[in-house]
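**Student:** Next come the chains, spelled out residue by residue.
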Amino acid sequence: MSDESRPWVERLTHRQWKLLALAVAVAVVVSAAWLWIATGDRKVSYPVVAAGQTYRTPDGAWTLAHMQTVEALPDGYEPVKGAVFVIVDVQADLTAFPVGGFCNWKLRAGEYEFLSVVGYLPKDRKTLTTCQPGGTGVISTAYEVPQKLLSSVDGVVLATKGQPTTVLAGRLG
Amino acid sequence: MAAVGNSLIQLVAELYSLIRHTARTIARLWAPLLALMLLGWATHQVSILIATEVSTVWPWGVIVVLAVGAVIQLATIVAVLRLVAVDLGIPKMLASASLREAVSDERDTSLVALLTITVLPFLGMYVAFGYLQSYAAELAIVAGYRKGIGDLLGALNPLESSTTMVVMLVLLATGYLFKKLIDPWLERSRYPLLLGMVQIVVEACLALLVLLGGFRVYQAFDLWLSGRRVAAWWDQLIAVILGPIPDAVQELAASAWTTIGGPFWTLGVNGLLRPLLWLAMAGLVFGSRVLTMADLWRVGEPVTEVSTRRERLLARLQSESETAQGVRVLVLKVQSKLWGGVDGTIIPAWQSLRLVLRAGWPFVGAFILGFTVLEVAGQQVDLWIARLIGGQLVGVWVRLNPFLDLVQMVLVMGITWVFLGVAYTRALSIFAARAGDGVTPVLTPDAPNPTRAVRARWVPALAIILVTVLVVTGAAQLPSKLDSDVAHAGVLKAVDLHEQRVAAAAPEFAKAITIRGRTVTTNQIFVVVTVMVSNPGPHADKVTAHFVSGSASYPAWGTGTPVAPPGFRVAQDVVFEVDPARVAGGHLSFSAMGESILLTGYQKTVDIDLEITPDAVATAHDVLEVYDLPDREAA
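Protein chains in written order, with our numbering: chain S, 1 to 173; chain P, 1 to 635.
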C-alpha cells in the first residue's frame with residue numbers, strides 16, 4: 001500500500017517523531033519571535049545627532065553647545081535635596097521657524113528623561129528659553145536631575161512639530 | 001440502600017476506568033499528541049501576533065487571520081480525537097458490527113473531509129461557550145497594549161456607519177453563497193484539499209463576522225424594539241397575565257430564581273450540559289456510521305423507523321425528491337442547498353448527544369465528574385502559577401501570556417481531548433456490550449456493565465445525579481481568578497509597589513480643612529494622611545490611593561495622590577472625605593497604573609493599616625491645615 005493511500009492517521013503515527021521535532025521547532029521559533037517582539041514593545045527609540053553636529057530641519061537648525069551643572073538657578077531657586085540643576089544651551093537658527101510651531105525639550109540620562117524647569121530665566125535675559133519664529137541664538141533650558149544620575153546624562157531630546165523626536169547627543173561639560 | 005451503594009460503586013468504577021484508559025492512551029500517543037497540541041498553541045500565538053499588526057491597518061483583516069487561526073487549531077484538536085479513536089480500535093469495532101458492506105470512512109482518508117464535517121459544530125461550541133469570545137478578547141488586550149487603546153470592535157461595528165453595515169452584509173451574503181456554490185466544485189477540482197480548506201476558512205469567517213459584528217445589529221434591534229409600542233403592549237400583557245397572582249408570590253418566585261434558580265441554571269448549563277455537548281462533538285469526529293450503528297443497537301427499534309419530527313421531514317423530502325417534477329424539483333434543490341449543511345452536521349451532533357445520554361447514569365456521572373475535575377485542576381494550576389509569579393503590571397502578563405498558555409492549551413486541553421475520546425469510546429462500548437451480537441467492546445470497566453439504559457430505577461440514578469451535582473457545585477465554589485497580590489504594611493513602613501515604593505503616616509481627622517487659605521467643610525469627616533511615593537526608576541507610572549473600609553472605597557479628594565517623577569520621591573497630604581460610620585478600621589489601598597491606564601492584570605496592591613480606633617472620629621479637629629503641594633527630593 002502506498003503511503004498516500006494509507007489512512008492519514010496511520011501516516012501521522014508513522015511519522016510521529018518527525019512531527020514532534022517539527023512542532024517543537026515551530027514552538028521554539030514562535031516563542032523566540034514573541035519575546036523579540038515583546039521586548040521591543042513600548043520602547044521608544046529616537047534618532048541621535050552626534051555630539052557637536054547640527055540637527056537641520058526645514059524649520060530650523062539646532063546644535064547642542066554645552067551642558068553644565070549649577071547649584072542654583074539665577075533667580076536663587078535651589079534644587080531639592082539630592083538633586084542638581086543642569087543648564088543646557090543649544091545654538092539655534094530659527095529664521096525659518098513657522099508661527100504656531102513648537103519645541104519641547106527633555107534632558108536624557110540613559111533611560112531617564114527629565115522635563116525642563118518651568119519658569120527658568122537665564123542670567124542673560126536676551127537668551128531664548130523657547131523656539132521663537134525668526135529667533136537666532138542660544139536657547140537655554142534647565143533641568144532638575146538627581147545627583148546619582150548625572151553620570152548618565154547623554155543629551156537633550158528635541159520634539160518639534162512635524163519632525164521625528166531627535167536626541168542631540170552631548171556630555172556634561 | 002443497596003441499590004444506591006451499587007450505583008455509586010459503578011460510578012466510581014466508570015470514573016476509574018476512564019482515568020486509567022486516558023492515562024494509558026496518553027502514554028502510548030504522547031509524541032503525536034504533544035506535537036499536535038504544540039502546533040495548535042503556536043498557531044494561536046502567531047494568529048494573535050499577526051492580527052495585532054493587521055488590526056491597525058485593516059480591521060476587517062483581523063477576521064480572516066482569526067478564522068485561519070481558529071480553523072488550524074480546530075484541525076489539531078480534531079486530529080487528536082481521530083488519533084485517539086483509531087488507537088482505541090473504534091473503526092475495527094464498528095467494522096465488526098456493520099451490517100452493510102464495509103465502506104472506507106472518508107474521515108480516515110482525508111483530514112479535510114473530517115474538518116468539513118466537524119468544523120461548523122465545533123465553531124458553534126466555541127462560540128456558545130465563550131472560547132471564541134476569549135480569543136477575540138485576548139486579541140483586543142494584546143492589540144490595546146502593544147498598539148495603544150484603539151477601537152478594534154468599533155471598526156467592526158456595523159452600526160458605526162452605513163458603509164460598515166453594507167460591507168458586513170455583503171461579506172455575510174458573499175461568504176454564505178461562496179460556501180454553497182463551491183460544494184459542487186470540490187470533487188471536480190484539481191486541488192480539492194486547498195479548496196476544502198478555503199471553504200472551511202470561509203465558514204469560520206462567517207462565524208466570526210456574526211460574533212464580532214452581527215450581535216450589535218441584534219442589540220440595536222432589541223433596543224429599537226424596546227422603544228416601540230409593541231413592547232409596551234407586551235409588558236401590559238404580562239402584567240395582565242400575572243395580575244391575579246399575589247405580589248407576595250411573585251416576589252417569592254423572583255427571589256427564588258435569583259438565589260436558587262439562577263445559580264442552578266448556570267450549574268446546569270456550564271457544569272452539566274457543557275461537558276456532554278463537548279462529548280457529543282467528539283462523536284462527529286468518530287464518524288456518522290457510529291451513529292447509524294448506535295441506532296441499530298437501540299434494542300427493539302428498527303433502524304428504518306423515523307421517530308423525530310426532523311427525521312420525518314427528511315424522509316418526506318427524500319421521497320418527494322424522488323417523485324417531484326417541474327418547479328417542485330427546483331424548490332427541493334434550493335431547500336437541499338440551504339439546509340444540506342445543517343442536515344450533515346447539526347443533526348448528527350444531536351444524535352451524538354442522544355447516544356451519550358443513553359449510555360447510562362454511571363457513565364454520564366463519571367464523565368461529568370472527570371471533565372469537571374480536569375477543568376478545575378487546570379484552572380487552579382493557572383492560578384497557582386500566577387501566585388508564584390506574583391502581582392505584575394499588565395505589560396509583564398502580556399509578555400508571559402503565551403508561555404502560560406502552554407499549560408492550558410497543551411497540557412490541560414491535551415489531556416481533556418484524550419479524555420473525551422476515551423469517554424466516547426466507552427459510550428460506544430456500552431452499546432456494543434448491550435447489543436449482545438458478538439461485537440467485542442474495546443473499553444470495558446472493572447465493574448459489571450450497566451445492563452439498563454438511562455431508564456434505570458430512579459433511586460440509583462438520583463444518587464449518581466446527586467453526587468455529580470455536589471461535586472460540580474463544589475468545584476464551582478473554587479476561585480476561578482485572582483483579584484490582586486496584596487502586600488500589607490503598617491504606618492511609616494515603606495513597601496514596594498512594582499517599580500515604586502509607598503508609605504503613609506498616621507492619619508488625622510477633621511471636620512473642616514484649610515487648603516492654601518481656603519476653608520472647606522463637610523458633613524462627613526476628612527481623613528488626612530501624609531503619603532510618600534518614591535519612584536527611583538525611569539518610568540512615570542501613576543500611583544493611586546483609596547481609603548477602604550469594608551465594602552466602601554473612597555478616592556483621594558482634590559489633587560489626589562502625589563505623582564513622583566522618575567528619580568524622585570514626593571510626600572504630600574492626601575485628603576479623603578469619608579462617612580464617619582466607616583472611618584474606624586479603614587486602611588489605605590495603593591495601586592499602580594503601569595503602562596496602560598485601562599488594561600490591568602493580576603498585579604500588586606499595597607494595603608496600609610492606619611490603625612484607626614473606633615473613637616478616632618471623636619478626636620477630629622474642627623479645622624486642620626492641609627499642605628497639598630508635593631514635597632520633593634531625589635529618590
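Hints in this document: simulated from the structure, not taken from any laboratory.
All values derive from a computational prediction rather than experimental measurement.
A hint or two may mislead.
Said to hold, decoys possible - Every beta carbon over 10 Å from chain P, so not counted as near; a handful from chain S, in silico:
| id | residue |
| --- | --- |
| 1 | L35 |
| 2 | R56 |
| 3 | L73 |
| 4 | S116 |
| 5 | K126 |
| 6 | T127 |
| 7 | Q132 |
| 8 | T136 |
Said to hold, decoys possible - Straight-line Cα separation of at most 25 Å, PhoX-like style, residue types lysine-lysine; simulated pairs:
| id | chain 1 | residue 1 | chain 2 | residue 2 |
| --- | --- | --- | --- | --- |
| 9 | S | K161 | S | K81 |
| 10 | P | K493 | S | K161 |
| 11 | S | K161 | S | K148 |
| 12 | S | K43 | S | K81 |
| 13 | S | K43 | P | K493 |
| 14 | P | K493 | S | K81 |
| 15 | S | K148 | P | K604 |
| 16 | S | K148 | S | K43 |
| 17 | S | K81 | P | K542 |
| 18 | P | K604 | S | K106 |
| 19 | S | K148 | P | K542 |
| 20 | P | K493 | S | K106 |
Heads up, the beta-carbon is just placed ideally off N, CA and C, and yes, glycines get one too.
**Student:** Decide, hint by hint, whether the structure agrees.
**Tutor:** Checked hints:
1. L35: Per Cβ check, S/L35 is inside 10 Å of chain P; nearest 7 Å; violated.
2. R56: holds, 30 Å
3. L73: holds, 15 Å
4. S116: holds, 12 Å
5. K126: S/K126 clear of chain P: closest Cβ-Cβ about 30 Å, beyond 10 Å.
6. T127: holds, 25 Å
7. Q132: Given a closest Cβ separation of 27 Å, the condition holds.
8. T136: Non-interface label stands for S/T136: nearest chain P Cβ at 33 Å, farther than 10 Å.
9. S/K161 to S/K81: violated, 35 Å
10. P/K493 to S/K161: violated, 46 Å
11. S/K161 to S/K148: This hinted pair is violated, its Cα atoms lying about 33 Å apart.
12. S/K43 to S/K81: violated, 30 Å
13. S/K43 to P/K493: The given pair, whose Cα atoms are some 33 Å apart, is violated under the 25 Å limit.
14. P/K493 to S/K81: Holds - the C-alpha atoms of S/K81 and P/K493 are around 21 Å apart, at most 25 Å.
15. S/K148 to P/K604: Not OK: S/K148 and P/K604 at ~28 Å, beyond 25 Å, violated.
16. S/K148 to S/K43: holds, 23 Å
17. S/K81 to P/K542: Between S/K81 and P/K542 the Cα gap is close to 22 Å, so the pair holds against 25 Å.
18. P/K604 to S/K106: Given that 25 Å is the threshold and the Cα spacing comes to 31 Å, the pair is violated.
19. S/K148 to P/K542: Holds - the C-alpha atoms of P/K542 and S/K148 are around 23 Å apart, at most 25 Å.
20. P/K493 to S/K106: Violated - the C-alpha atoms of S/K106 and P/K493 are around 34 Å apart, more than 25 Å.
Violated hints, listed in ascending order, are 1, 9, 10, 11, 12, 13, 15, 18 and 20; each of the other numbered hints is respected by the structure.
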